[in-house]
Amino acid sequence: MSIEVTGLTKTFQAPGGDVHALNDINFSVKTGQFISIIGKSGSGKSTLLSQLGALDQPTKGEIVVDGQDITRLSGSAQTAYRSKKIGFVFQQYNLIPNLTAAENVMLALEFGGVPSQQRHDEALKLLASVGIDEDQAQRRPGKLSGGQQQRISIARALANRPSFILADEPTGNLDTETGKTIFKLLHDLSRSHDTTIIVVTHDLEIAGKTDHTYQLKDGKLINYKK
Amino acid sequence: MNVITRGMRGAVRSPLRAGAIVIMLAISIGLIVAMLAAKAGVETKINQVKQTAATGITVRPAGINGFAGGGDPLTAAQVATVSKTTHVASTVSTLTDQLGTTDTNLTPSLELGSFGMRAQRFEGSSDMPMPPAGMESSSGSSRTLPTPRTTVTGTTDANSVAPNGGTLTISPGITIDGHANDNQALVGTDLATKNNLKVGSTFTAYGQTFTVKGIFKTDNRFQDSGMIVPLATLQKLTDQTGAVTSLVVNADSSDNVATVVSSLKSSLGSTVDITSEQERAQTSVTTLASISNLATSGVVGATIASAVIVLLTMTMIVRERKREIGVIKAIGGTNIKVITQFMTEALTLTVIGGVIGLGLGVAVSGSITKGLVDAQSNSTSSVTRPSGPGGGFRGPVGQFGGTAQRGLQAITSSVTPATIASGIGLTFVIAIIGSALPAWFIARIRPAEVLRGVE
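Residue numbers (the working numbering), protein chains in the order written: chain A, 10 to 235; chain B, -4 to 450.
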């Protein structure tokens, strides 16, 4: 799955005047690539992920995924796009606290249209693939470590075999060692599943290990490394 | 796990808060059920009053009031005229008489007292003052000494003797056929006790043998010291064929009472006194209607309070879990799924509160109904008049007097299937109204806020 971003602009209206969070962004990503986007806090990294994930409408520009401009999709089509074609990994994990690890993954499977009788086994397989055993799968997020929660978050993102994963500071809340482990997990997934991964990070060491790195500065995207 | 299961689990995510909400809802829904039960009880009473007192008209021979006064009883022809009058649905005819000690082998159970002695002071002599008991007068003639008597009511419907216009309480035994012409009798509790009468016992009156069919109780000593026999039997034994001392007429509708009264006055003229209890019944119905309205207000108020509780609770929950909602939408959850989940949460809390509230409402409905009735009857007691004519066996005469007012005290809550169904229906209405605004909030939450929040 390829992503082609052309002239993407997002402007917020603020009391002091318009703020251009994204200003004429242009880039493309090929299938199976592991891309990182770095930038200072407030540089628009998460805004860019929101646009790519069809969570927000750009002020102008196009995001063409496999030949289809997702900015022109209806609300329900965007929801279907999110549930089947992309997976999100958040810095703060964003797991549902009163559901077990397995149920959190099953939730994404439900939205992806997986039949109810298959969801539990599928969730356990996905959790096992990110290193969560059956005992841990039955625990609620509050009973698991940060690293384990992020693994569950990745399993949830993988639930519907998405074409690409959008990861927003996936190691931001983890210690260095756990962060490296999670990064390696994402890296391995991109290789083994041929999944396109776009990760936003502050960590230049991690960014240095991706296929390509972009830097967001003043709303502009520039090549950081080739 | 589906969206419904998630919603149900979400409802008890915080047990302490869920418990507090359920208690508040249970109290409100309990109040709704109690008010509905009170309203049902009052409306049953309103219908009863409308069907009895509101259509009742009393026709008495002019000048006769119980055993006091003078004049001629109504004749069979007059009774027939009344029965044939347009809009007359039914009539109950009554003739009363008193048995002296020589007329029956029964011992009166009512003491004569000074009142009874004065009432008999003219009997047995023309215009002589009554000498002391057991002494002869100066003329040498001996006067009949006053003696206690036993009242006999001949009626076409034994229930006409019952208090409050209801059904006569007969235990043991069965009622008699008021249209029969045989020697069967119902005897009052006091008279039965005094003479050791039981169902099947016999006694003598008017030189005939009567069989006790049942023993009735009215909690009125005068009535419980008397007996009831078929009207035709008493008319025959007292040589008053066709005579009636009181006639209760029921119009076919409360709307036609005035027309019937007018017709009867026209056809019977000045030989009778005609009284309608419609006005007094209307006062009672108004009082009852005000209780019903109060209960309705209670239902509406408690429903609004419950809906507000659910509304505020769900609004608070949705605001607290805005991030979670954003995440669910971000991973592909539709607005409908998220709204269904939170509506299920609201419904779960409301249903739990509703089940407890139903039990609570049923338990307290009696007390609340009594409280409402007491409050209303106290405020309207000034319009209540004493009932029944003085002296005579009250019978159907004046049976409506104060009936509705006394009936107020007899109102009980009525927990019917309809009450329960209404309670359940309102519970769902509460959940739906209480969830509407939070659902709107949910639909407006944009998942991008989740990502923006972590930047």
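It is worth saying that the hints were derived from the structure and are not from the lab.
In this text, a Cβ means the ideal position worked out from N, Cα and C, and glycines have one as well.
Treat the hints with caution; some may be incorrect.
If the Cβ cut is set under 10 Å, some of the chain B residues that face chain A in the computed set are [stated by the list, open to error]:
| no. | residue |
| --- | --- |
| 1 | M(-4) |
| 2 | N(-3) |
| 3 | V(-2) |
| 4 | G5 |
| 5 | R8 |
| 6 | R12 |
| 7 | G264 |
| 8 | D268 |
| 9 | T270 |
| 10 | R314 |
| 11 | R318 |
| 12 | I326 |
| 13 | G327 |
| 14 | N330 |
The hints, checked one at a time:
no.	hint	result
1	M(-4)	6 Å, holds
2	N(-3)	7 Å, holds
3	V(-2)	8 Å, holds
4	G5	6 Å, holds
5	R8	5 Å, holds
6	R12	13 Å, violated
7	G264	86 Å, violated
8	D268	79 Å, violated
9	T270	73 Å, violated
10	R314	16 Å, violated
11	R318	7 Å, holds
12	I326	5 Å, holds
13	G327	2 Å, holds
14	N330	8 Å, holds
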